[in-house]
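Working from the sequences, and respecting the hints, build out all of it.
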Amino acid sequence: MSILQAPAPTTSETGTPRRIVASPAAWAVWGSVVLFMIFLVGIVGSVLVNSFGTRWFGTWLPQGWTTQWYSQAWTEFDLLHVIIVTLQVAVAVVVLSVLVGVPASYVLARRDFPGKKIAYLAFLLPIMMPPITYGIPLATVLYKFNLAGNLSGVILANLVPCVPFVILTMTPFIEQIDPAIERAARMSGARTMAVFTRILAPLLVPGILASCILVLVRTVGMFELTFLTAGPDSNTLVVALFNSMNAAGIRAQQSVDSMAVIYVSVMMVLLVVALRFVNPTQLVAQVKEDQDS
Amino acid sequence: MTVRTETPPQAPRQAPRNAPSLRHRLAERGIDSQLLLLVPAMVFVIGLFIYPFLYGLGLSFQPTNGGGPLTEYKRFFEDTFQRDTIWKTLRLAIPAALFNVLAAVPIAYRMRGRFRGKRLITTLLVIPITLGTVLTAEGLLNFLGPAGWFNRVLISAGILDEPLRLVNNYWGVFFSLVITGFPFAFLLILSYLSGIDPSLERAAATLGADWRARFRRITLPLLAPGLATTFCLTFVLAFSVFPSAILVGNPTGETRVISIAAYQAAYEQYDYPFASAIAMIMGAIEIVIIGVVLLWRSQFYVGSTGGKG
Chain A
1 MSILQAPAPT TSETGTPRRI VASPAAWAVW GSVVLFMIFL VGIVGSVLVN SFGTRWFGTW
61 LPQGWTTQWY SQAWTEFDLL HVIIVTLQVA VAVVVLSVLV GVPASYVLAR RDFPGKKIAY
121 LAFLLPIMMP PITYGIPLAT VLYKFNLAGN LSGVILANLV PCVPFVILTM TPFIEQIDPA
181 IERAARMSGA RTMAVFTRIL APLLVPGILA SCILVLVRTV GMFELTFLTA GPDSNTLVVA
241 LFNSMNAAGI RAQQSVDSMA VIYVSVMMVL LVVALRFVNP TQLVAQVKED QDS
Chain B
294 MTVRTETPPQ APRQAPRNAP SLRHRLAERG IDSQLLLLVP AMVFVIGLFI YPFLYGLGLS
354 FQPTNGGGPL TEYKRFFEDT FQRDTIWKTL RLAIPAALFN VLAAVPIAYR MRGRFRGKRL
414 ITTLLVIPIT LGTVLTAEGL LNFLGPAGWF NRVLISAGIL DEPLRLVNNY WGVFFSLVIT
474 GFPFAFLLIL SYLSGIDPSL ERAAATLGAD WRARFRRITL PLLAPGLATT FCLTFVLAFS
534 VFPSAILVGN PTGETRVISI AAYQAAYEQY DYPFASAIAM IMGAIEIVII GVVLLWRSQF
594 YVGSTGGKG
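Protein chains in written order, with the working numbering: chain A, 1 to 293; chain B, 294 to 602.
Keep in mind that a hint or two might mislead.
Unchecked claim - Distance windows between CB atoms, simulated:
1) B:412 to A:193: 39 to 45 Å
2) A:114 to B:416: 42 to 48 Å
3) B:377 to A:63: 43 to 49 Å
4) B:333 to A:175: 17 to 23 Å
5) A:175 to B:313: 29 to 35 Å
6) A:88 to B:407: 38 to 44 Å
7) A:190 to B:577: 45 to 51 Å
What the hints assert, rightly or not - Here are a few chain A residues that sit away from chain B, every Cβ distance over 10 Å (derived from the structure):
8) 74
9) 75
10) 80
11) 92
12) 140
13) 194
14) 199
15) 201
16) 208
17) 232
18) 233
19) 263
To be verified - One side only, chain B facing chain A, incomplete, derived with CB under 7 Å:
20) 398
21) 400
22) 431
23) 569
Hint data in this document are derived by calculation from the structure and do not stem from the laboratory. Backbone N, C-alpha and C fix where the C-beta goes; we use that ideal spot for every residue, glycine too.
Pasting the structure below:
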C-alpha cells in the first residue's frame, strides 16, 4: 500500500512536468541511481586524487599536490611505447575487422543462401562466449604457430570478437538501404566493384564510422585476450595497468594511479568521440531503439 | 526483401542446351559468385575461433602424463582445490547477475519514457563499461579500502566504529561486478522496455487496471524474454570474471574463480591440456546455465510488441 503512483504512467511519455513530491517508489529508484553515481564518482575520483597527491594516509585529502607521479610513471612504465603499441593494435584491428566484416555483412543482409543460419551462428558465437573461455585455447594455438607473444598475436586475438561485432552491427544497417538503388546502378551498367565503391560505400560511411568507433573502444578496453597473447613488448595500456597493479609493493601506488588516469583519459576521449556518432546503448549491444535522441 | 537475381547468371551462350548450366542451377538456389564476399570472414571465424576451440577440445583429451582421455577432467573434479572454483564462481556470478537484472528493472521502468537528462544518465552509465574491470578494481581499492572515502564517511557519520572490510574479499569482487554489470543490464532492459508499445498499458489503464496490475499483467510478461537474455549476458560477463577477482578479490582463497584456475594451469604450470580441460568445463557450465534460462524463456510469448530479446 505504500507504493502510490499518483500520475498516470503516460505523464513521462507525453513530457508534461513531473510533480516535485514524488512517491516513495520514485524516491527509492532515484536514490539508488544517485548512490550508484556516488560510487562511480568515488571510484574515478579517488584514483584521480591519489595520482596527484604527495602522501595520503588517514586524511580526507592528500597532504600536498604534485605531478611527479606522472613523469615517474611515464619513464618507469615506458608509457610512450605502451601507448604506441595500443594505437597500433587498435588501428590494425579496426581496419582489418572492417575490411573482413563489411563484405560479409553485405552478403548476410542481402542474400539468401543455404547455410545462412549456420554462418550467422558462427559469427554470433565469438560474441556470446566470454573471452577467457576461448582465449586460452586460442592463445595455445597462436603460441603453437609462434604468433603469440608479439604484436601480430595481439591483433589476431582481438579480431576474434571484433569481426563478428562489425558484422552484427553492419547487417541491420545494410538491410535498411533500399536495394532498388543498387538495382538501378546495375541496370546502368555498374559491376559489383563499382556498386560497392560508388553506391554502397558513400551510403555506408555513417554505419562504418559507428562500428569503427565501437571496435576501437572495445579493443582499447579489451583486457583478457590481450593479456593472454601479449609478450613483454606488446602490452597494451590496460594490460600494462594490470601488470603494474598485480606487482604491488614494488612501486608507489600513486604512480600506478597516474597510469590509470592516463588510461581513463584515453578512454574518455574515445567515449566522447564515440558518443558523437552512436547511441550509448550501442556500446553495450546492438539493440534496435526508437530514435529518441 | 532479399534480392536473388542481382547478377543474372550469364549462361554460356555458345552452348545451347536444354538443361540449364550448373552455374545457373546453383544461382537458382542462391549460390553465385557474390557469396565469395563471405569467404574472408568465414575463413577468419573458422581459423581463429572454431579451429582453436576444437584444438583445445582435442588437447583436453590428451593428458600430458598419459592415462585415459578423461584423465585431465578427472584430475579437475578429484582435486577439491580445483573443483571448488566452480562453486566459488557460481556463488559470485549468479547473485551478481540476479542483482544487476532485478535492480535494473524498476529503475529502467521509471526511466522508460522521455525526460530531460536521459541521454546524460545513459552516457554516465556507459562510463564504467568503457573503463573496464581493471580500472574499476583500482578505483574500488582506493574508494572502499579501509582508509578510503566510503569508510571515512560512514565512520565520521557515526554509523560505524571501525572500517568495513570491503576489498580483497568476496564483496570487493561483487561490487566490481555490479559496477560494470549493472549499467550493462540497465541499458539493455531500458531498450527492451522502450520497445514495448505504450498503448497496451494505456488500454489496460482504461479498463481500470492499477499500476501494479499493469506491471504484472502487461509489462512483465512482455519483458520476460528480454530479462532472460539480459540475465544470460550479465551472467556470462560475471562468470568469466578474471582481473577483478585477482585485484580486489582474494585470489588464493574465497575468490579463486575458475578462470584463475585455467590461467594458472596455462601460464604458470604450462599444462595446456589441463588448461584446455578447465576452459571446456567453464564453457560447458555456461552453456548449461544459459540453456536452462533460454529453455525457461521459450515458454514466454515472443511477438512483435517488443520487449523480446
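Going through the numbered hints above, which ones does this structure break? Give me the numbers in ascending order. 12, 19 and 20
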